[in-house]
Amino acid sequence: MKDNYLWDRSGEPDPELQKLEDILGTLRYEPRPLQIPTDIRLGHRRSLFAPLAMAAAIGLFALILGLGLYFKRTTNAPNLEARQDSQAPQTTNQSQPEVASNNGSSQTAAVKTPPKNQKLDSPRNLVANNRRKPTRKEKSRPELTPQELAEKEQVLVALRLVSAKLNLAQRRTQGTSPLNTIRNQHKIG
Amino acid sequence: MIEAEATAGMLVMTQSFKAHEPLAAETFAEPVEVELVRSVLEGHHERFTRLYQMYAPMVHGVLLARVPRGEVDDLVQDIFLHALRKLHTLRDAAAFGPWIAMIARNRAMDFYRSSRETVEVTEQMAIEKPPTGTATEILALIRRLPEAYRETLVLRFVEGMTGPEIAARTGLTPASVRVNLHRGVKMLRQKMGVMSEAGGAGQ
Chain A
1 MKDNYLWDRS
11 GEPDPELQKL
21 EDILGTLRYE
31 PRPLQIPTDI
41 RLGHRRSLFA
51 PLAMAAAIGL
61 FALILGLGLY
71 FKRTTNAPNL
81 EARQDSQAPQ
91 TTNQSQPEVA
101 SNNGSSQTAA
111 VKTPPKNQKL
121 DSPRNLVANN
131 RRKPTRKEKS
141 RPELTPQELA
151 EKEQVLVALR
161 LVSAKLNLAQ
171 RRTQGTSPLN
181 TIRNQHKIG
Chain B
1 MIEAEATAGM
11 LVMTQSFKAH
21 EPLAAETFAE
31 PVEVELVRSV
41 LEGHHERFTR
51 LYQMYAPMVH
61 GVLLARVPRG
71 EVDDLVQDIF
81 LHALRKLHTL
91 RDAAAFGPWI
101 AMIARNRAMD
111 FYRSSRETVE
121 VTEQMAIEKP
131 PTGTATEILA
141 LIRRLPEAYR
151 ETLVLRFVEG
161 MTGPEIAART
171 GLTPASVRVN
181 LHRGVKMLRQ
191 KMGVMSEAGG
201 AGQ
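Top line first, the protein sequences correspond to chains A and B.
Last residue of the first sequence: 189 in our numbering, with the numbers rising by one and none dropped.
Last residue of the second sequence: 203 in our numbering, with the numbers rising by one and none dropped.
Accuracy of the hints is not assured; some may be wrong.
[Stated by the list, open to error] If you want a taste of the chain B side facing chain A, the calculated C-beta under 10 Å gives, among others: (1) M58; (2) R69; (3) V72; (4) L87; (5) V158.
[What the hints assert, rightly or not] What the simulated footprint calls covered on chain B by chain A, stretch by stretch (three residues with Cβ under 8 Å from a Cβ of chain A suffice, anywhere in the stretch; the number is not a length): (6) 59-66; (7) 74-85; (8) 96-107; (9) 143-152; (10) 172-184.
Everything labelled a hint here was simulated from the structure, so no lab data went into it.
Using N, Cα and C, we set each Cβ at its ideal position, and we do this for glycine too.
Bound-form chain A, shown alone (with noise of 0.2 Å):
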């Protein structure tokens, strides 16, 4: 019953305990009123918006620029295409400048203002070129024929064979089993 005095005040009280409560109560807690400056500045909950409004216009802003690139490098490559054909006879174009026919230069006025229709007719400019550039070793490798390949084969076999052979003559040297000592067996056969 004395511990339930302790615990809540109720039940028995404890006259020990009832005299700390009132030796101690002395030292209690006196309310006064909280006095919060006027100036007091409140921080606020970070909200997901700001950041996440900031990616975003960053991503946009690269997809743009990216796709930008992409369109001016397009666009540019018919032109070097123009250029080299500028060095065939083009005479015959109808859309050709007039300064071109004015002045006689006909290449360095047709490398200057290619027609346009010509530009988007370009199969270069319609095709997308996805194809994969061959590496630097790939290069370097000669393709071999069927005949190169089964012989290569041979060789590779005949290189197993007798570096299986040459590990079970070591095993048996030192004395080991020779049971179900050849490694790769399933290679050589």
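Following the hints, put chain B in place on chain A, whose structure we already have.
Here is chain B on its own, set in the frame of chain A:
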């Protein structure tokens, strides 16, 4: 038959024990705090005074168990102002009590770190000055108890809070508070007995 009686007895005991436990949770787990915290964050600063009234005794007790009495009142104010500024960092509004209790404990530690002139209180000093039973002397004895018991005893005997109230305000489990109270009172009685004997021998 005997086993059945024993089981029934144990069941009754368990029920009577459990009947005490939810008291803390049901009575003091107030959604009021959640509402108050939310309204303060929405800009109603005046609602913070209600939280101050609810929790100031607890913060006072936590500080009184650690720092000199003369510093406690100012520290209570500082802690509540700090809590008001940092209220947006409180994730669970229902945990306002444990949160501000932790701020008070940290502030008490900072107080001793920042104060340069400190005097180490030793057991010998307590023996040299026998207690006469005044409040400050008993408080000095309580401060020499392990930290876990100190705070619970001050909240119980100085601030007049009951066990369930202490559990609800500080965030401790009722079982922990109960253990702290029992062991703390036992140790305090031993210390007071030793001191009174030493005082009697000295006289």
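Here is what the structure says about each hint:
1. M58: holds (9 Å)
2. R69: holds (7 Å)
3. V72: holds (8 Å)
4. L87: Check passed: Cβ of B/L87 comes within 7 Å of chain A, closer than 10 Å.
5. V158: holds (5 Å)
6. 59-66: As far as the stretch 59-66 of chain B goes, the hint holds, because 3 residues have Cβ atoms under 8 Å from chain A.
7. 74-85: Contact hint for the stretch 74-85 of chain B vs chain A: holds, 6 residues under 8 Å.
8. 96-107: Answer violated; 0 residues pass the 8 Å Cβ test.
9. 143-152: With 0 residues close enough to chain A, the hint is violated.
10. 172-184: holds (count 3)
The structure shown violates the earlier hints numbered 8, 9.
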